[in-house]
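Q: Chain residues, written in single-letter form:
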Amino acid sequence: MAATAQDPSAPLRGPEKKDEDRDEDTEYSPFYGIEKGAVLQEARIFNDAHIDPRKCQQVITKLLYLLCQGETFSQKEATEVFFSVTKLFQNKDANLRRMVYLVVKDVCPASDEVIMITSSLMKDMNSKTDLYRSNAIRVLCSITDAQLLGQIERYLKQAVVDKSPVVASAVLVSALHLLSHNSEIVKRWTNEIQEAVQSKQPMVQFHAVALLHALRANDRLAVSKLVTSLTKGPVRSPLAQCLLVRYVAQVISESQAASGNDSRPFYDWLESCLRHKAEMVIFEAARAICNMAEVSARELTPAVTVLQLFLSSSKPVLRFAAVRTLNKVAMTHPMAVTNCNIDMENLISDQNRSIATLAITTLLKTGNESSVERLLKQIGNFMSDIADEFKIVVVEAIRSLCLKFPQKYRALMNFLSNVLREDGGFEYKKAIVDSILILIREIPDAKEPGLGHLCEFIEDCEFTYLSTQILHLLGVEGPKTKDPAKYIRFIYNRIILENATVRAAAVSSLARFGALVQELHPRILILLRRALHDNDDEVRDRATLYLQQLEGQAGGLDAVDVKWNIPAKNLEQGLKKYMENGFQKPFDLASVPVAVAASPAKERKAPGRTLAAPAPTQAPKKQDDHAALLKTLPQLAGLGPVFKSSAPAQLTEEETEYNIVVVKHVFASHVVFQFNCTNTVAEQVLENVSVAMDLAEAEDFEEEAVLPLASMAYGSVGQTYVVLARPEGSMALGKFVNILKFKVKEIDPSTGETEEEGYEDEYQLEDVEVTPADYIKPVAVANFRSVWEELDPESEMADDYGLGLRDSLQDAVEAVIGILGMQACEGSDAVPPNARSHTALLAGVIVGDVQVLVRLSFGIDVSRQVAMKMVVRSDGRDVSEAIHQIIQDA
Amino acid sequence: MDVDPTVPVVKNLLLLDSEGKRIAVKYFAPEWSTVAAQANFEKSVFSKTSRTNARGEAEITMFDDVIVVYKFIGDLMFYVTGSQDENELILYNVLGGFFESISLLLRGAVEKKTVLENLDLALLAMDEILDGGLILETDPTTIASRVAMRGAESDVPLSEQTFSQALASAKEQLARSLLK
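Going line by line, the protein sequences match chains D and G. When you line the first sequence up against the numbering used here, it's residues 93 to 982, in that order. When you line the second sequence up against the numbering used here, it's residues 6 to 185, in that order.
Keep in mind that the hints were calculated from the coordinates and are not lab data. Cβ atoms here follow ideal geometry from the backbone N, Cα and C, with glycine treated the same way. There's no promise every hint is true.
Reference listing, derived: stretches of chain D covered by chain G, where coverage requires no fewer than 3 residues with Cβ under 8 Å from a Cβ of chain G [unchecked claim]: (1) 159 to 166; (2) 181 to 193; (3) 264 to 270; (4) 337 to 347; (5) 373 to 383.
List of simulated lysine to any residue pairs, SDA-like, C-alpha gap at most 25 Å [claimed, not checked]: (6) K279/D / T11/G; (7) K197/D / F33/G; (8) K292/D / T147/G; (9) K26/G / D198/D; (10) K118/G / P122/D; (11) K118/G / S121/D; (12) K31/G / F165/D; (13) K369/D / T147/G; (14) K407/D / P145/G; (15) K31/G / P122/D; (16) K292/D / T11/G; (17) K147/D / M154/G; (18) K197/D / D9/G; (19) K369/D / T11/G; (20) K457/D / D70/G; (21) K292/D / D9/G; (22) K292/D / D70/G; (23) K220/D / M154/G.
Next comes chain G alone, as it looks inside the complex (with noise of 0.2 Å):
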């Protein structure tokens, strides 16, 4: 992928559980062509970042010509991979458009449970921050509602669909603790 240089890339995305082992990713640079290679760079990323605190601010490690800026909430970690020569606050950004996306896609339930439940929001949701890459929004709710497909269904009406996925969402609590 030739772009021009000066337009900020976005090397890769990458939602992993609390071993780091992948739920989610989506690469975007040549060097990960192989899965082998993905995995490689999935276990270091891993192994130098899941002893660090990353869940009140959101953190950042450089390793191998890479920047990496990361945040763990529950029991998943999501990390946006730039090149080091990027714009740290520009990669901090995305990640913000990442993780905030998927957490109002799962009401607030951010846990590797209900991102396997609901693969297909986080996996749309990576779609619309990149695409090839290069950075298409970062504003959360946008994406989330760019994800939902809301207002491409107009008969629906806004506030009806919010309430009907609220119930939907006190059943899922309901039944969860129901289960425990």
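So that you can see chain D by itself, here it is in the shape it has in the complex (with noise of 0.2 Å):
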């Protein structure tokens, strides 16, 4: 058996014939020591006068046995064989003819030898046997030429419509076959093939449709009327209602793209298919709802009550299908599953591993806080029974759980050390390490004990990249913490066990705590001069140069731990630029920008990005347009950054002859109000537009300039702009009474010129008002708690307030978020259903970039009245009472 794995030619057969010596008990089989030599041999029989039909059969099994081990015959076996095959057909007894039909299609002869046997199997197509005619179909399709088909079509081409359903589906499944390279026959079946659809034999019925749908997969609108055609009717097979829902879930996704947010075409249908009767036909429903794209909550909640159905199921497969469809749907729709949370709990000590691994992330995914430490305890009895690619799994559902509840990260870090101990492969390692490596970063207070973790998980590793990855990271971090002097034992210890690529990190390492503690500073010196009796030349040569820099030399202290604040794509650029232009000069690192587009702030952001609901992506881009806009303008270049523009708001009502948006922009010591104009009356100009804003109700506004509009033409979007100052950094509000003048030039519509005489004109708008939430920036932060913490507690201010009548928790959630333009961090925007309070954690940055958190506490009781308590941390107690005015305000 162990030759098998290196020669991809050699046979699978018996270990029988190698060990001969096993004990007499050893099973009987009828292919005990079979030998290719001796059934070719035997394989002459077919020549004979008098055939044994029997005898023939046993050969032919025998010949198929050798080939379904892997067994292989040379160009002339197979020629050989398949000419006294041939002769088989000579013989009229059924059940050697049907295993004559099998070899053929598995000693497929070259094409000039099919003719051979062609006329014997086109003679078998006009039998009157069904199973001759539908196995003799087989396998003229599937050994055939396109010449040959041309031959044959006339009988394909009735074989669909063959009354027998043997007969019909085995001509409609080599079509199926055939469309790949000869779909133009298969094309001039149409009629038949529809015929085919109608058939009451279930399986015909299936064939025919997936042939149906196959010939005009390419054509969108044929696909959508088979579908209209036949959602209509009944489909018997449920094999063939499987392929419908695939169809109309194509369908829908393709009309979705084009179309805007009607109702869903087919939804219904697809709803009516959870009650089918076939099992099968109901979860392909139901997954098809569930893979919808912005499939909504209303829409889901019939396919996940069936899939929470299948979960409690007696068969595993049913169980495994609706969990996996769930643990998607928890992806994005995490709400739509809690309901199946209890359901899920069970699921965690299924006997089928796959199963509970789907549970466990799904419950992760969907889980609160209070019940961390309980599925913990669950997760942690079967983890040493599963497989590695689903410990994976589970590891990376806990890290995404452990960013999401930084409070819980002591289990949860336990959690991680504990099956870091355990075997594992080292994809599964990597995947804890880096856990780890994540939750340092981001949970402070994690730092340490993480580090404790690693120190011990390094005494003990295996894997040379995983230790020097947490060497690198000893040495940066742990000169950092209280008590520096508890890592060393584990970096040295490395030195003297370790390989040379382990060595050489671990020298570095030391180096960092020599040159950033002085108090380790000599005992670093001592052990540092110890590696340099190395037998590798890298661990020495960095020993030798950790030692000068350490000595004082070769740049000193500084030189060890470089403050690397350039980033490699820069550097990498820098570099390659001097290469190109030859080496005259040294490289000069100062030449290398340090700036860059923030995207280590993005990186740091995208582990906690996945937890959260899908962030609207399209606002950010939308406001870099409206920036980009105001660059274009010099006589806004002096107002410095915008530091937030605002959503469009109508001043306009829908189908009035001017359409009106506005866009309030926030500078430093500017609002910058932009008003795009779009005229909707062809038959008139208007020129000089400008809005005039009156400034009684917002007294700490000052009017600095006005940029009119020259000409707005019928159905384009100009922009006319006001600019109003205010004093820096301050957060004046106010409310402004807005007329849009212009002078109106009329159009004959019989030249299509302008005429020359216009008149001043004026048009009454929307007001417009500057709340505080203009100046506050939605920016999440990755860890809430850490910040929050960061802050002065001497910032702090809480409030109680009463929000009145709401009609759930999540309005006045959603209420709020809107009042103050914060950014909900952690996902806290979303309530669970029927929960009775609610905690959201609100971060963002005000004008003058201070930073201000909010934690909101909700409850609502049962006449449902909400109450919520306020607490705010921010740079200054001015600036929460500012915080803490907007709401009183609203």
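Join the two chains into one complex using the hints; note that each chain is given alone, in its own frame.
A: Following this line, the structure appears as structure tokens:
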């Protein structure tokens, strides 16, 4: 057996032959000691004048057994077998004939030899016996070429509508295979195939539907028509119904791409499939609904309900299918799945570990803080008996859970360190180490215990890559901890015990301790001197260099711990440029730009983003568009960068003569109002368009400039701006009454020319308000708790508010977030259904780059009165007060 | 093999013994074109499933981007593999057709010895269930009667045929008990 792994041509057959000294009661096999040569010899009986059907069947079985065990026949052997097999068509025995059909397909001869049997097969194709016809069709279609197909096409076409299901199915399935290289022929049968779609035989219907769709797969309209006609009538075959569900799902996804947000076509039909009697169809429909793009909670509910029923099925396949689908749903709609949590928890102890793993990860995605410990305990029990790939999935789910609930880091970190100690492959260990590294970076409190766990791990780590990574991290983080000395032992042990790569990494790590921790400096020097006698060049070189540096030479202490603030990408570009220009001058690090697009911040947010509901990505893009527009105006260049741009607000009724939309841009000491104006009347042109803003109710503002729009032609969008100044950094508020002023010029409809004379006119617009939210930018923080604790507790202000009657807590949470214009962190904007209380964590930056964090605690009583407690921390007490003022004013 | 991606496709059909050795296999997907690749796949399937209990209800597992549904009867293991996007219940349906038709053909004596003695029936059943990976038929009785070419020879009445088969089975049972 061992040889087969290396040699792809070696047969898998029998250890029976090799270990002949096995026990006497070794199982009897009719193929004991079978040998290719002998079987080929036996195959000569096919040529006998008097054929013994039973004997021939046995020989064919032996040939197939050899093939099945991976034996290969040479070209000559195959041809010989094929020729003798063709003789067997003479015999009338039905069972023998069936075996001949089978072996002909497996011993596929060269095309010029196929001719030998085509006449026999064509005879069978016209036989009265259904099974002869069907098998002959299958064999013919699998071995013939296009030319021969042309000859038999007439019979095949006839067979599509054959009364016997076995014949019709045979030709339909063969046609599905033929489509890839002989589609022209199959296309000519469309009428017959359409007739077969109406067949009363379930399998025939299934094959006909599949073939019809395959023929039209590239024609969206035709598919849509096919679906429309099929969904009207009853479909007998569950398999055909499954196909239909797939086609409907396709039509739905395409129609969505085309049209907007109409009610989904065919959704009702899909939902009715959830009540089909075949489980296969129910599941296919539920899966299709769950996979719909931008599926709404209401659409999901019926699908999730049937999947929930499957969860408690006695059949593992059903449970698996359901939990796998729900797991996917939980990624995008965790709320929709929470109803299944109880059934899901029962599955943690499922015999089938795949089901248990999927249940666990689903629960981790939908679970709340209080259930974390219980879940971890349950996971711990089964972690040891699942495969590595499942373990990785669990570890990743735990990591995201930990980022979601940083307060639970202790339990989660302990869990990770426990599993780190167990056996596992590289990928699995790497997943754990990566998770711990991320947690250390994101949760400051977790740093020291995390480093401790990692130190223990490298004591007994067989993976060089992981050891070096951890040693590097210890060098970076270790010296900053309260007791750096305790890490020295772990690192130095590596220098004694490990391979060269790890030793070198350990030397670098030690050197950083020496450079950064004054007390350890003399001790590190002693340890490093020992490494000078290492038998590896790299280790010795590093030790020598660091010793020099620690003793004040070769750049001194600073050189050990280079403050590397140049992004690697910029450095790479700089070096490339340097190499292109030749090497006249030494490379100057200072020439590499330090600033780079804010990619590090993005990276840091990335792990958190997977948790929160998909953030609206389009809004910031639009903002960029406006900002880009502003930059093109020289008059606004002096205002500095935009702090925040508001969402566009409509100032006119829909379908009036003029369509005006305002966008507020907040600068350090200005607010710019951008009015996007559209003229909807074809017969006139507006010139010298501007907006007059009344500052009576906004005393803190002063008008600084008005930039009119020269001409506003029909159908195009133009901009006019008003620039207001306000005390720098202040949050000046106010309400403005706006009047659109312009000069109207009529257009002569006959000539299309604009008339010379025009008249001045005005148009009353809706009021614009500058609210506190305009000065707050929603900026998420990766770890709310640590930022909260970094802010001065002195700045904290708390107060209680009654929010009155609300439909739900979710409603209240959304309203408050809307008023404050801040970013909800850690997915806390979503309220679990039926919750009586909820805590939302908000973060934002106020104009002047002041960090503000808000903790909102909501409670709802039976009469649906909502009360809220708001705690604010920021860089200063006055800012916190301002935030409270916002809520009081709202 | 290029078929319409919406058509359910089975990647392979395996019948292994209790030590994971092949009895009859049929591969349809290109990813296992060499015997070595097939052997590797069978090895990993066996190692991932052999310790589970798939005797009552059929079981299911997922690895390396495939879904495998399987059922153990006696010292035989039946496997059906599909892509991970396949409807699990369709694969389950195929698996049902697979082991039930073989059980019918072997008259309930589902064990390695009888399968090897009647390997032709097992191979034919696999051929009747799938054609190049496409599902041809999943109803066990239909599959079994097609394998037996029932109705092909009109000269043997159906009732008599079953009687003679019953007699053959009885003889076989007797012979086995005498051998022990």
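Q: Does each hint hold? Answer for all of them.
A: Hint check:
no. : hint            : verdict
1   : 159 to 166      : holds (count 3)
2   : 181 to 193      : holds (count 5)
3   : 264 to 270      : holds (count 4)
4   : 337 to 347      : holds (count 3)
5   : 373 to 383      : holds (count 3)
6   : K279/D / T11/G  : 19 Å, holds
7   : K197/D / F33/G  : 13 Å, holds
8   : K292/D / T147/G : 16 Å, holds
9   : K26/G / D198/D  : 21 Å, holds
10  : K118/G / P122/D : 8 Å, holds
11  : K118/G / S121/D : 7 Å, holds
12  : K31/G / F165/D  : 17 Å, holds
13  : K369/D / T147/G : 21 Å, holds
14  : K407/D / P145/G : 19 Å, holds
15  : K31/G / P122/D  : 21 Å, holds
16  : K292/D / T11/G  : 22 Å, holds
17  : K147/D / M154/G : 18 Å, holds
18  : K197/D / D9/G   : 23 Å, holds
19  : K369/D / T11/G  : 22 Å, holds
20  : K457/D / D70/G  : 22 Å, holds
21  : K292/D / D9/G   : 24 Å, holds
22  : K292/D / D70/G  : 36 Å, violated
23  : K220/D / M154/G : 13 Å, holds
Against the hints set out earlier in the document, a violation occurs for number 22 only.
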